[in-house]
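For this one, chain C is given, so just place chain R on it according to the hints.
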Amino acid sequence: MAGKTLDRRKFLTRSLLLGCSAAASPLWTPVSFAAAPWDARMVVIILRGAMDGLDVVQPWGDPAFAQLRPGAPRPGTEGGPKDLDGYFALHPGLARLMPLWRAGELGFVHAVSTPYRDKRSHFTGQDILEAGVADEAASVRSDGWLNRMLQQVPGVTAETTYAIGRGDMLLTRGTAPVSDWSPDASLGIDASALRRMDVMMHEDPLFRDNLGEAIVLSGLADSAALSVGDMAGDMAGDMAGGMTGDMAMSGGASPRRELKEMAAAARNSGVAQIAAFAAEKLRGDARIASFSLNGWDTHASQERTIAAPLERLESVILGLKEGLGPIWGKTGVIAMTEFGRTAATNGTGGTDHGTGGAMLLAGGALRGGKVYGDWPGLAEEALYVRRDLMPTRDVRAHAAWIMRGLFGLSIPDLEAAIFPGLEMGSEPGLVL
Amino acid sequence: MAFDPLLADIRFGCGRSPVIAPPSGVEEMLTRLTGPDAAAAQFPVPGYDMLSAKQAEFARQRREIKPVKDKARRDKMQAAYREMYMREIKELRREHRLWLWNQMMRRAHTEDGLRERLVAFWADHFAASGKNAVFNLSVAPSHEDTIRPHLTGRFADLVKAVMTQPLMLHFLDQTTSRGPNSQMAQKKKGGGLNENLARELMELHTLGVDGPYTQADVRELAELLAGLSIGADFSFLFRPALAEPGAETVLGRSYGGPGEARLEDVLQVLDDLATHPVTARHIARKLAVHFVADTPDPALVDHVAARFEETGGQLDAVYGALLEHPAAWDPAPGNVKRPLDFIGSALRLFAVPPDSRAGRQPGIQGDLLRAPLMLMGQPWDEPPGPEGWPEEDEAWVSPQRLAARVRWAWTAPSVLMEDLPDPRALLTLAVGDRVDEALDFAVKAAADRTEGVALVLCSPAFQRM
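Keeping their order, the protein sequence lines are chains C and R.
Heads up: the first sequence begins at 720 in the numbering used here, then just goes up one per residue.
Heads up: the second sequence begins at 123 in the numbering used here, then just goes up one per residue.
Excised from the complex, chain C in its bound form (with noise of 0.2 Å):
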């Protein structure tokens, strides 16, 4: 490689002026964050694991219901599910939530699918959710439809939209910007080290833009900002400093108490703390807010399996209402997950990968008080390939009239670019 002893000076030309100031690195330019594209607000949570609808939302009025599910608890009795409607009733797990049932503000639409059928792989049944397309081929396109959506709207920032969460998401993935976060995440650097790191990871692009998000997201950009001419008056000092002779040992802050606090942060992760910092991005720019529960795979003992992933569901919602208080009354929450699963429990008290499953809405921009959907009913020849609940909508036809009715996307963008080869049919009339 030429030029690794390249003199200071020429380097810090080059960098400046070429480099860094076409990145537009958060360090050199300020951020600025525009006026959102509108006031509602949306949450999106993926339930990974395939989410078994026919228990959390429970068909009592359906005669074969108690067949395939013996042992089953029924509505009304002790530590029974939640009778809804007379015909549905809620599984006790998420029972805490009966309040906003009744106020309005939760409902469900059972039913439901992707367009996936079949092999029934978590995996490519959760790229196909994420992607919103309709077929497996498809999967493999490298973006999400929430991020298709943002592409449509014109005035997002990264502000707008938080996925938040360790991991990170195909249905946030895409040229859109979105910022990728989480509650116990932290640089806890310094400004000049930032801006030697800054130039360090210059040539690789994946490292840069996420190091500029983080620096950004981690509110260190303020701090961090200087102008071009700052900077080189900075590196120049560096230069006079001499950093050529033995490097001195750090000062400074303990590092084995930074790594305590880090284990700290790291252990108080959970739903509340997701909850209460997507509530607190809402309430300020932020518009779309993104993240995913894990642990629906009930294949077995599923009265005991289920139990911690409802209550994960149930603690964020909560905590979504609570955090945004005035808010929740514009926010819509959907909650959709890979597939559903068998009809039947199976041999081991629980169930196996099926095909229709249920959507969960809420906040106070839908109509809730009501379960949506054609139900098919459970009788065998009903069932698909005998086995499953026939999906007998599309979910993605929900998710797109509900960012219709919040966002006044148009049909054609939602049909062709968002989801595509998507009917939207009828309007189900979930957004008040």
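It should be emphasised that the hints constitute simulated quantities derived from the structure, not laboratory data.
Glycine included, every Cβ here is placed at the ideal spot set by N, Cα and C.
Careful, some of the hints might be misleading.
Calculated Cβ distances over 10 Å to all of chain R for the following chain C residues [as the list claims (entries may be wrong)]:
#1 Asp758
#2 Tyr806
#3 Ala814
#4 Gln870
#5 Arg885
#6 Lys979
#7 Asn1013
#8 Glu1033
#9 Glu1041
#10 Gly1044
#11 Asp1132
#12 Gly1148
The calculated lysine to any residue pairs, modelled on SDA-like cross-linking and capped at a C-alpha distance of 20 Å, are [what the hints assert, rightly or not]:
#13 C/Lys838 with R/Gly330
#14 C/Lys979 with R/Gln487
#15 C/Lys979 with R/Gly330
#16 C/Lys838 with R/Gly333
#17 C/Lys838 with R/Ala175
#18 R/Lys176 with R/Arg216
#19 C/Lys838 with R/Gly481
#20 C/Lys979 with R/Leu220
#21 R/Lys309 with C/Pro789
#22 C/Lys979 with R/Asp339
#23 R/Lys282 with R/Lys176
#24 R/Lys566 with C/Ser911
#25 R/Lys253 with C/Ala910
#26 C/Lys838 with R/Tyr203
#27 C/Lys979 with R/Lys408
#28 R/Lys253 with C/Glu1030
#29 C/Lys838 with R/Val331
#30 C/Lys838 with R/Gln483
#31 R/Lys408 with C/Gly1014
#32 R/Lys176 with R/Ile142
#33 R/Lys253 with C/Gly1014
#34 C/Lys838 with R/Trp502
#35 R/Lys566 with C/Asp909
#36 R/Lys566 with C/Ala910
#37 R/Lys253 with R/Trp502
#38 C/Lys838 with R/Lys212
#39 R/Lys310 with C/Lys979
#40 C/Lys838 with R/Glu509
Quick look at chain R alone, frame taken from chain C:
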């Protein structure tokens, strides 16, 4: 593009070391790999036996309490049991941290870095985790038993070892599955098939999701596997009484027949799935993606798959095919290190002594390794599901995960070592000729050693394989 000792360390090993020379060629890498497992001997992690013994003892004590009629006496016994159980679990968790430390010390001090990387690769391919307190702790011990000894043998033997491993049977609910017409199902009403293991065996472990199987194959395979179970001593047990009577057809071949179900039929279907040409391709591609690039050269995949097919999945030959192919030695920096590789290669770069302060204090190990791994997105031995960790670079370099790496690079080295090395020398050792002018400049301009070392670790040149 040919063998390069730097890449042998960085891409196919555990990183660079100031005290251990890189291998001299592919042949030496394979010789070391097929030789004795020195790292495991030097830094031991117990096998699953240790935990099955604990489980069996807990179960025995619980059985003693159950029939006691006198309530006061039973309550007292239960309280004593609970106290003993909590004490034991606490002690196991303390040891568990030491196992992680020892795994890291293997990476830091091994002369056979490829072995540690392959163990991690297969542990991920057969990802499993615990669903109760003791199984939670049995992930690393299970890898000692099932993965390490089968690393260079036939892939089919590795599959058989994993499919008869209690952790996997527990994780994918196999222990509760029984044939719908099995003796057990007839004797006791209720109970039946669970498809979980059968599906993942074909989708993830052998054929791949695009493989030539249908829901009917999943069902039949689940019936065939139904006898796989765990005994009262918490070790593997084949229970014919749980198996579905009669023959099952998987991918067009019939297994079993009249009479008592036999483990041999299960092993036969595992053999057939493991040596299937579609499996060869699936495994070849996975190896190439993991070690070389998210989108590997198709010629490399073809070459490895062909060797897999020719040898019936003889793994040392398969690795040889990967390593002898020129595309494996593309000098451009490759995949982003996963958090375990990132931290492991940092410990190796510093040659952290096994008996350093962190090695003696489990409390520090938690803060130094466990919590940071979680924040970087790869909590130790807790894969997100049976599909294992993602391969794409983008999954590991998100703002929040990168922030965790940066923070670790700033703090951990000073906790690991009393004296930090000179960052300029460290840089040359760590990344060799990957140093470019910006990196060289940044490290030299660092305000102090802490920052200089952190910049070396955070550099894309170090973070990529």
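Cross-check of the supplied hints:
no., hint, verdict
1, Asp758, "holds, 27 Å"
2, Tyr806, "holds, 28 Å"
3, Ala814, "holds, 25 Å"
4, Gln870, "holds, 18 Å"
5, Arg885, "violated, 5 Å"
6, Lys979, "violated, 6 Å"
7, Asn1013, "violated, 7 Å"
8, Glu1033, "holds, 21 Å"
9, Glu1041, "holds, 24 Å"
10, Gly1044, "holds, 26 Å"
11, Asp1132, "holds, 26 Å"
12, Gly1148, "holds, 36 Å"
13, C/Lys838 with R/Gly330, "holds, 11 Å"
14, C/Lys979 with R/Gln487, "holds, 11 Å"
15, C/Lys979 with R/Gly330, "violated, 42 Å"
16, C/Lys838 with R/Gly333, "holds, 10 Å"
17, C/Lys838 with R/Ala175, "violated, 39 Å"
18, R/Lys176 with R/Arg216, "holds, 15 Å"
19, C/Lys838 with R/Gly481, "violated, 47 Å"
20, C/Lys979 with R/Leu220, "holds, 18 Å"
21, R/Lys309 with C/Pro789, "holds, 19 Å"
22, C/Lys979 with R/Asp339, "violated, 50 Å"
23, R/Lys282 with R/Lys176, "violated, 25 Å"
24, R/Lys566 with C/Ser911, "holds, 13 Å"
25, R/Lys253 with C/Ala910, "violated, 44 Å"
26, C/Lys838 with R/Tyr203, "violated, 45 Å"
27, C/Lys979 with R/Lys408, "violated, 37 Å"
28, R/Lys253 with C/Glu1030, "holds, 17 Å"
29, C/Lys838 with R/Val331, "holds, 8 Å"
30, C/Lys838 with R/Gln483, "violated, 48 Å"
31, R/Lys408 with C/Gly1014, "violated, 26 Å"
32, R/Lys176 with R/Ile142, "violated, 39 Å"
33, R/Lys253 with C/Gly1014, "holds, 11 Å"
34, C/Lys838 with R/Trp502, "violated, 30 Å"
35, R/Lys566 with C/Asp909, "holds, 17 Å"
36, R/Lys566 with C/Ala910, "holds, 17 Å"
37, R/Lys253 with R/Trp502, "holds, 15 Å"
38, C/Lys838 with R/Lys212, "violated, 42 Å"
39, R/Lys310 with C/Lys979, "violated, 53 Å"
40, C/Lys838 with R/Glu509, "holds, 15 Å"
When each numbered hint is compared with the structure, violations occur for hints 5, 6, 7, 15, 17, 19, 22, 23, 25, 26, 27, 30, 31, 32, 34, 38, 39.
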